[in-house]
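From just these sequences and the hints, can you work out the full model?
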Amino acid sequence: MTGSEPPAPGTSFLANVNIVFLTYVANAALAFGVAIVVARALGPEGRGVYALVLLSASIAQAILSLGMGVAAVYELGKGSAPVARVIANTQQVVIFSAAMSGALVLLAWPLFGDRLLDEDVPFWAFAFVVPLFVNYNVLTAVLQGMSRFRTMNVVIVTQPFVLLLVLVGMEAFGDVDPTAALVAWSIGTLVAVLLALGLLRSDLSISELVRIDGPSLRRQVSFGLKGQLGNLVQLLNYRLDQYIVLLFVSTAGVGIYAVSVTLSQAVWFGANAVATVLLPRLTAADPAEAARTTPLVCRSTLFVSALSALGLAAVSPWLVEGLFGSDFKDALAPLLWLLPGTVALAGSKILASYLLSRGQPLINSGVTVVALAVTLGADFALIPPFGLAGAAIASSLAYLTHFALLLAAYGRFSGNSIVDAVVIRRDDVRALIETARQHLPVSKP
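The working numbering numbers the first residue of the sequence shown as 300 and each following residue consecutively.
No lab work stands behind these hints: they were computed from the structure. Just to be clear, a hint being listed does not mean it is correct.
[As the list claims (entries may be wrong)] With a Cα cut of at most 25 Å, we get these calculated SDA-like pairs of lysine to any residue: (1) LYS628 x GLY332; (2) LYS525 x SER446; (3) LYS628 x ALA605; (4) LYS377 x ARG657; (5) LYS377 x SER664; (6) LYS525 x GLN390; (7) LYS377 x ASP512; (8) LYS525 x ALA589; (9) LYS525 x PRO514.
[Said to hold, decoys possible] Label-pair distances were calculated between CB atoms; the ranges are: (10) ASP474 x ARG724: 53 to 59 Å; (11) GLU470 x GLY621: 15 to 21 Å; (12) ASP474 x GLY513: 47 to 53 Å; (13) ARG711 x VAL467: 48 to 54 Å; (14) ALA398 x PRO683: 39 to 45 Å; (15) GLY513 x VAL721: 43 to 49 Å; (16) ARG517 x ALA471: 30 to 36 Å; (17) VAL728 x LEU503: 43 to 49 Å; (18) ALA325 x VAL669: 31 to 37 Å; (19) ALA707 x PRO586: 15 to 21 Å.
For glycine and all other residues, C-beta sits at the position ideal for the given N, C-alpha and C.
Okay, structure coming up:
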């Protein structure tokens, strides 16, 4: 290791990554269980309706949350606002989101409500799905900003666990349709929100909750909107292709493609865990330490994600039909085309955390806007002739573009070599193997 090489992240960092990683594994296992139950119960078309409603709600919450989650992580990481005030600001925005989503439902009803209901699309669920979505995301962001990762992990795992229990119960006592699946999702999210509030009770202040602090709220919203713009555009970059699949293929095609996307996200276990722990750590660090730590974490994350993608590709021919049934066999080709871009996006998560921690949310936003333009252009060029495979190829092209631009921005802003952020080293592999040996159980003869 050269003199300029950063030291390996500290024990507490690795411990937190391992804790969050195990949580993401548990969460993903539960989410796969949910995906299997929903797919088998609803079939491709019903799965498509369910995916589109949750996607639309996700976009709405990304807008109506006003970036409070991003601001909470940043302010709590910097220690620039009391926890009670940050929580109060988030809850006031949740009330705003509930009022706005309810108003949107009332406005939409006379325009196309009857047509959507005739097609079994429960659009009225927006009135409670969106504020639940907002509250879940901002509360987990508060816990992340406080570095209360164990508490955050309990909340994260609770949502799919309760959702799966409710779905299995519904399936045991009757048929599950898209409306029932959305009700089950809402119950799971509500339980997780109530649990988060309960676990944060020592940091809650009734006097702060009922008081609107204009300067504090404006400061959080101002920073949050800058960061959330990138998150919103990235969400569109991730998911807008589902609307285009609906346009050129079918609702059933959306359901099949959603299964491909769900499976591909298994590659992000490690990247999500590292990014979650890394952001508050980098936010609190000085610029030199942040610049030293980021390339080591980025190249290691890319390496592990690439190995995960290769493993998933190897088992996917048996995995798709075995778990989801023969109705979803066409999910295989899109899954394989998604994997290169998914690996690239794992690296993007680390680089985006670095730039956000340095107070540069607009760089992330600008890069994501370019990637979204690539997504749209490639989708309209590739989906009509190639269907679901075309959507997956377009997504991979956009994700690779996103990573390349973030890598260039990181190199310029940090002054570091971009090669160091990408190319794995022998010492890195040894460190990863040693970490695995320390944290994985080994049977003794």
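task: Run the structure past the numbered hints and jot down the numbers of the failing ones, going up.
output: 16
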